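Asks: Top line first, the protein sequences correspond to chains E and X. In this text, residue positions in the first sequence follow UniProt numbering: the first is 1, and each later residue adds one. In this text, residue positions in the second sequence follow UniProt numbering: the first is 1, and each later residue adds one.
Hints listed in this document are in silico derivations from the structure and should not be mistaken for laboratory results. Nothing here was measured: the structure is a model prediction, and the numbers come from that model. Check before you lean on any hint, since a few could be wrong.
Heads up, simulated SDA-like pairs for lysine to any residue below, C-alpha to C-alpha not over 20 Å straight-line [claimed, not checked]:
hint, chain 1, residue 1, chain 2, residue 2
1, E, Lys159, X, Lys99
2, E, Lys251, X, Gly131
3, X, Lys70, E, Phe149
With the C-beta cut set under 8 Å, the calculated list includes, among others, these residues of chain X facing chain E [as the list claims (entries may be wrong)]:
hint, residue
4, Pro83
5, Leu93
6, Ile97
7, Gln128
In this text, a Cβ means the ideal position worked out from N, Cα and C, and glycines have one as well.
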Amino acid sequence: MIQTFLSKYKTIYASLFVITFWYLCHLFIQSTIIPNPLHTFVTFFRLLQGDMLLHVGASLLRISVSVFIAIVIGVSLGLFLGLHNKLDRIFGPVVYLLYPLPKIAFLPIFMILFGLGNTSKIILITVIILFQILVTIRDSVKGLSKELFYSIRSLGASKVQIYRHLILPAITPKLLTALRISVGTSISVLFFAENYATRYGIGYFIMDAWIRINYLEMYAGIIAISILGLVVFKAIDLIEHGICKWTLLEKGENNSYF
Amino acid sequence: MIEVKDLLIKYGNHTVLDHLQLHVGSQESIAIIGPSGCGKSTLLYALAGIIKPQSGTIEINGEAVNGTRKETGVILQSYGLLPWKTVWENASLGLQIRKLPKKDIQTKVSKILKQLHIIDQKNKYPVQLSGGQQQRVAIARALAIEPDLLLMDEPFSSLDAIVREELQHVLVDTYYRKKLSILFVTHNIEEAVFLGQKIIVMQPNPGSIRAIVENEHFGDPDLRKKKSFHETCVKVRQLMEGQTE
Numbered sequence: 001m002i003q004t005f006l007s008k009y010k011t012i013y014a015s016l017f018v019i020t021f022w023y024l025c026h027l028f029i030q031s032t033i034i035p036n037p038l039h040t041f042v043t044f045f046r047l048l049q050g051d052m053l054l055h056v057g058a059s060l061l062r063i064s065v066s067v068f069i070a071i072v073i074g075v076s077l078g079l080f081l082g083l084h085n086k087l088d089r090i091f092g093p094v095v096y097l098l099y100p101l102p103k104i105a106f107l108p109i110f111m112i113l114f115g116l117g118n119t120s121k122i123i124l125i126t127v128i129i130l131f132q133i134l135v136t137i138r139d140s141v142k143g144l145s146k147e148l149f150y151s152i153r154s155l156g157a158s159k160v161q162i163y164r165h166l167i168l169p170a171i172t173p174k175l176l177t178a179l180r181i182s183v184g185t186s187i188s189v190l191f192f193a194e195n196y197a198t199r200y201g202i203g204y205f206i207m208d209a210w211i212r213i214n215y216l217e218m219y220a221g222i223i224a225i226s227i228l229g230l231v232v233f234k235a236i237d238l239i240e241h242g243i244c245k246w247t248l249l250e251k252g253e254n255n256s257y258f
Numbered sequence: 001m002i003e004v005k006d007l008l009i010k011y012g013n014h015t016v017l018d019h020l021q022l023h024v025g026s027q028e029s030i031a032i033i034g035p036s037g038c039g040k041s042t043l044l045y046a047l048a049g050i051i052k053p054q055s056g057t058i059e060i061n062g063e064a065v066n067g068t069r070k071e072t073g074v075i076l077q078s079y080g081l082l083p084w085k086t087v088w089e090n091a092s093l094g095l096q097i098r099k100l101p102k103k104d105i106q107t108k109v110s111k112i113l114k115q116l117h118i119i120d121q122k123n124k125y126p127v128q129l130s131g132g133q134q135q136r137v138a139i140a141r142a143l144a145i146e147p148d149l150l151l152m153d154e155p156f157s158s159l160d161a162i163v164r165e166e167l168q169h170v171l172v173d174t175y176y177r178k179k180l181s182i183l184f185v186t187h188n189i190e191e192a193v194f195l196g197q198k199i200i201v202m203q204p205n206p207g208s209i210r211a212i213v214e215n216e217h218f219g220d221p222d223l224r225k226k227k228s229f230h231e232t233c234v235k236v237r238q239l240m241e242g243q244t245e
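Just need the whole structure built from these sequences, with the hints factored in.
Replies: Structure (C-alpha cells):
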C-alpha cells in the first residue's frame, strides 16, 4: 500500500516530507530565519497575485534562452568532436581543462564585455551549461558501438539517415540527463546573474527580500524557485516518456540491487 | 557470385589478410571457420564493403565492391539492433532507408516477421526480447531487403544449444526459400558442417585460407545423427589443428 502510494504520488510525498522537516526545524530552532511553512505559503499566494509571476517569468526566460543556445552549440560541438577522432585529439584536452573551471569567476569579464543587461546574464548561464552538454554528448557518441554503425551502414544508410536513425536517438536520453543536471546548475547560477542591474528575476527577488530581512518573502521566493525547477524537471520527464520509452525499459522497474 | 583476388588488409603494421583468393559460386552456402585472429571477420567485413582493403579486388556478380552493396544483407555478431526501435521498426529499417512506399514496407515486413515467428513481438523493444528472438529480428531485417547474398558474423555464437539449432534450421529453410548465397563466420565446427556446403578453414599469422572442404551434408535435417557428419567434423578439426590427413 505504502509502496504504491510512494510511486504514484511521488511529488506530493516529497513535498509533504520537506514541509514536515521544515516545520520541525521551525519548531526546534525558534528563530525568524526559519518561518512557519504555513505562513510562508500564505505569503507566497499573496505575492503570486502581485508581481511574483513576473519575477519567475523573467528567470524562466533567461534560463530557456541559455539552455536553447547551450543545446545548439553544445550538441553540435559534442557531435563534431565525438565523431571526429582527430579533432577530438586536438580540442579534447582543451575542453577537459576548461570543463571544471568555475566559469562564474569570469562574470566580471562578461559584465565588461557584454554590458550589465540580459546579455551578460544569459552568456554566463550558457557557458556553464554548455560544457556539461558538450562533454556528455561527445562521450555518448564515442560510446556508441562500432557494430551499430557497421550494421546501419550495411543497410545502405546515408549520412543524414545515420544521424536520424542512429546518432540522434542515441544521444537524446543522454542529453535529457545532462539537461536535468545543468538546469539545476543554471537555477543556482541565477543568484549571481540576477544580483546586478535588474529588478526582475527570482534570484533578484530572493536577494532583495533577504536584504530587507523579510524572511517570509525570501522563503516565498524559494518556494517559487523550487516550483520553477520542478516544472522544468517534470517537462524533461515528459519528453523522456514521450520519445525515449526504450531507456525506461532498459532501466527496468525493479532495479534495487542491494 | 563472389570473386576475391589478392586481398590484402592491414591494421597498422599487422597483416590481417595476406593476398587472399576466394571464389564463391552463386547460391552457395559457405562456412568460414578458424581460430581467433585468422581474419575471418575481417574478410566478412571486407565483403560487406565496411572495411576497405589495402590492395586487391572484390567482385560480386561482376561488380567491384566499393562501399556497401544494396543486395547484400549483413548480420553482425551482436545483432546490431537499434535499442530505440521496436521489432517492427528495426526489421523495416532497411526498406525505410531505401525509401520504399509505406504500403510495400507493411506487406514485406509483416510477411518476413511471420515467417520468422516474431510477428507477435512486433511492438517490443530489443531489450525485452531473448537472445534468440533478437537474432530472429536481425535475420528479418537482413532478409527484408531481399538480398542475393547474406553475410553473417558468428550469428548464433551467444545462443544456447537448443535455440542455436532452431535458428540453424531457420537459416537452412531461408536458403531453400530465397535462393540466395550465404557466407558466414563461425568458430563452431558442428555449425560449419551443418550449414556450409563448402567449409573454408582459415589460419592466422598472416590470415589466409588453409583448406576448403566440400561438404555434401548441408541442410540434411537428420544430419546430426549420421556417422558421416561426425567424420566431416573430425576432418575439419584436424585441418584447424594443422594436421594433414
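Asks: Each hint should be assessed against the structure and marked as holding or not.
Replies: The hints, checked one at a time:
With a C-alpha separation of about 15 Å, the suggested pair E/Lys159 and X/Lys99 falls inside the 20 Å cut-off, and the hint holds. A distance of roughly 18 Å separates the Cα atoms of E/Lys251 and X/Gly131; the hinted pair therefore holds under the 20 Å criterion. Between the alpha carbons of X/Lys70 and E/Phe149 the distance comes to roughly 16 Å, so the proposed pair stays at or under 20 Å and holds. Given hint, X/Pro83 at the interface with chain E, holds; its Cβ is 5 Å from that chain's nearest Cβ, closer than 8 Å.
At its closest, the beta carbon of X/Leu93 sits 6 Å from a beta carbon of chain E; the interface hint therefore holds under the 8 Å criterion. The beta carbon of X/Ile97 is positioned within 8 Å of a beta carbon in chain E (closest approach about 5 Å), and the interface hint is therefore held. Interface hint status for X/Gln128: upheld, as the beta-carbon distance to the closest one in chain E is roughly 6 Å, under 8 Å.
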